[in-house]
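These protein sequences, in sequence, are chains A and B.
Counted from 1, the first sequence has number 211 at position 211 by the working numbering; the numbering is strictly sequential.
Counted from 1, the second sequence has number 5 at position 5 by the working numbering; the numbering is strictly sequential.
One thing to keep in mind: the hints can contain errors.
Claimed, not checked - Only pairs whose alpha carbons sit at most 20 Å apart, straight line, appear in this in silico EDC-like list of lysine to aspartate or glutamate:
| no. | chain 1 | residue 1 | chain 2 | residue 2 |
| --- | --- | --- | --- | --- |
| 1 | A | Lys175 | A | Asp2 |
| 2 | A | Lys143 | A | Asp2 |
| 3 | B | Lys82 | A | Asp198 |
| 4 | B | Lys18 | B | Glu2 |
| 5 | A | Lys50 | B | Asp61 |
| 6 | A | Lys174 | A | Glu141 |
| 7 | A | Lys180 | A | Asp275 |
| 8 | A | Lys238 | A | Asp198 |
| 9 | B | Lys57 | A | Asp2 |
| 10 | A | Lys180 | A | Glu204 |
| 11 | B | Lys54 | A | Asp2 |
| 12 | A | Lys178 | A | Asp2 |
| 13 | A | Lys144 | A | Asp259 |
| 14 | A | Lys174 | A | Asp77 |
| 15 | A | Lys236 | A | Asp198 |
| 16 | A | Lys143 | A | Glu265 |
| 17 | A | Lys180 | A | Asp145 |
| 18 | B | Lys18 | B | Asp61 |
| 19 | B | Lys26 | A | Asp198 |
| 20 | A | Lys144 | A | Asp2 |
| 21 | A | Lys139 | A | Glu265 |
| 22 | B | Lys26 | B | Glu71 |
| 23 | B | Lys5 | A | Asp2 |
| 24 | A | Lys283 | A | Asp259 |
| 25 | B | Lys13 | A | Asp54 |
| 26 | B | Lys18 | A | Asp54 |
| 27 | A | Lys50 | B | Glu2 |
By construction, these hints were calculated from the structure, which means they are not laboratory data.
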Amino acid sequence: MDLRCVLLPGNPSCQGCPHAIGLKALSVLENPIVVVPAGCTTIIAGFNPKQSIDLPVVHVPFASAPAVACGLSKAYDNVVVWMGDGATDIGFSTLSGSAIRNDNILVVVSDNEAYMNTGIQMSGTTFWKAKTTTTPAGKREEKKDLALIMLMHRIPYVATASVGYMRDFVRKVKKASKIKGFKFIHLHSPCPPGWRFDSSKTVEVARMAVKSGAWILWEYDGSFRITGMSRMFRDKSKRIPLTEYLRVQGRFKGLTEEDVRTIEERIDEVWKLLDVLENTINKA
Amino acid sequence: MEWLKTLISRPSKGVSGKTGYWRTFKPIYDRDKCVLCYECYVYCPENCVEIVEKVVKIDYDFCKGCGICSEVCPANAIEMVKED
């Protein structure tokens with residue numbers, strides 16, 4: 001695998017940080033420029049006069065990341081916006097605007113399902129019933145499906161990926177870099193301190209999410225299809241039990257059997273929707 | 001334009017110092033069990049796993065001891081041992 005070290009050793013990321021794994025995929029791009037809005041990655045990139053990301057990085061405020069990237073894209077080819085789900089919530093208007101203009105940028109949302117950098121507050125993509133510091137009894141609101149929202153902007157490339165399957169993610173980044181226009185990748189990143197599991201389990205939890213069907217890998221590049229490992233788990237009998245994925249995380253402590261059933265039903269609904277999309281948006 | 005240089009950060013190892021001090025468990029590599037699948041290299045968040053001449057080299061100066069390499073290894077060639 002032609003992965004190179006992007007994040008230099010000795011950076012301030014937590015033990016088992018999923019962003020640190022995900023950032024490696026940027027090494028397959030040719031001369032990328034990374035735009036980083038405030039979030040965990042800002043901290044990981046380090047403090048002046050040193051920097052731990054071995055690429056040109058532009059640090060910007062929350063809401064302006066896609067707008068800055070739009071300007072940079074007029075001069076450079078591979079502009080990557082590496083944002084968290086917090087910056088996506090706060091800066092959604094510029095993200096949406098950039099998608100409508102079809103700027104030539106790649107947006108990677110590394111989604112750890114809460115505002116981890118400021119102390120685990122609930123975000124728009126937080127799982128239903130997950131405990132955060134602002135939802136101590138479990139989140140009551142729905143989880144928003146960011147990748148599907150971006151798909152409805154009718155941009156040339158949308159995909160979901162997981163840090164548990166780096167080869168799949170790298171393939172998607174490579175593919176996106178060859179397409180002109182607005183590209184969007186939603187990366188699932190389990191966060192050990194935020195989701196309350198052991199730091200050695202980051203990759204395992206990310207894989208469990210895919211294996212239990214809670215996270216679905218798909219791709220749209222003119223035609224919509226479920227990709228990689230998720231193809232196998234379309235068949236419900238092949239999935240691992242959802243409880244196995246939920247029990248390993250401390251944020252789902254105290255979940256009743258009824259809650260688990262409800263979560264399962266919601267996941268099934270998403271699968272149904274994606275099946276419909278796969279059958280409808282199909283070039284071949 | 002000399003003053004601008006102080007505003008721009010330069011890439012360098014060890015932004016947070018020697019992060020090896022964070023470690024509680026130390027990964028110990030066993031060459032005999034290793035099948036060279038590069039899985040530890042791909043998933044090490046710290047990028048401190050290097051493969052030189054078919055041998056895995058772990059940079060203990062910066063390894064934070066998260067244990068992902070030991071967890072993803074299909075041959076159990078990396079074992080986590082408590083630091084003394």
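Evaluation of the provided hints:
1. A/Lys175 to A/Asp2: holds (15 Å)
2. A/Lys143 to A/Asp2: violated (35 Å)
3. B/Lys82 to A/Asp198: Answer holds: lysine 82 of chain B to aspartate 198 of chain A is near 15 Å, not above 20 Å.
4. B/Lys18 to B/Glu2: Outside the cut-off at roughly 30 Å; violated.
5. A/Lys50 to B/Asp61: holds (18 Å)
6. A/Lys174 to A/Glu141: Violated, because 35 Å separates the two Cα atoms, which is more than 20 Å.
7. A/Lys180 to A/Asp275: violated (27 Å)
8. A/Lys238 to A/Asp198: Between lysine 238 of chain A and aspartate 198 of chain A the Cα gap is close to 26 Å, so the pair fails against 20 Å, i.e. violated.
9. B/Lys57 to A/Asp2: holds (18 Å)
10. A/Lys180 to A/Glu204: Cα-Cα ~34 Å, so violated.
11. B/Lys54 to A/Asp2: Distance ~16 Å between lysine 54 of chain B and aspartate 2 of chain A Cα, so the pair holds.
12. A/Lys178 to A/Asp2: Holds - the C-alpha atoms of aspartate 2 of chain A and lysine 178 of chain A are around 17 Å apart, at most 20 Å.
13. A/Lys144 to A/Asp259: holds (18 Å)
14. A/Lys174 to A/Asp77: This hinted pair holds, its Cα atoms lying about 14 Å apart.
15. A/Lys236 to A/Asp198: Given pair lysine 236 of chain A, aspartate 198 of chain A is violated - Cα atoms ~28 Å apart, limit 20 Å.
16. A/Lys143 to A/Glu265: Distance of about 14 Å is within 20 Å: holds.
17. A/Lys180 to A/Asp145: violated (24 Å)
18. B/Lys18 to B/Asp61: The hint holds at about 6 Å.
19. B/Lys26 to A/Asp198: The given pair, whose Cα atoms are some 15 Å apart, holds under the 20 Å limit.
20. A/Lys144 to A/Asp2: Cα-Cα ~34 Å, so violated.
21. A/Lys139 to A/Glu265: holds (17 Å)
22. B/Lys26 to B/Glu71: holds (13 Å)
23. B/Lys5 to A/Asp2: This hinted pair is violated, its Cα atoms lying about 32 Å apart.
24. A/Lys283 to A/Asp259: With Cα atoms ~39 Å apart, lysine 283 of chain A and aspartate 259 of chain A exceed 20 Å; violated.
25. B/Lys13 to A/Asp54: holds (10 Å)
26. B/Lys18 to A/Asp54: holds (18 Å)
27. A/Lys50 to B/Glu2: holds (17 Å)
The structure is inconsistent with the numbered hints 2, 4, 6, 7, 8, 10, 15, 17, 20, 23 and 24, although it conforms to all the rest.
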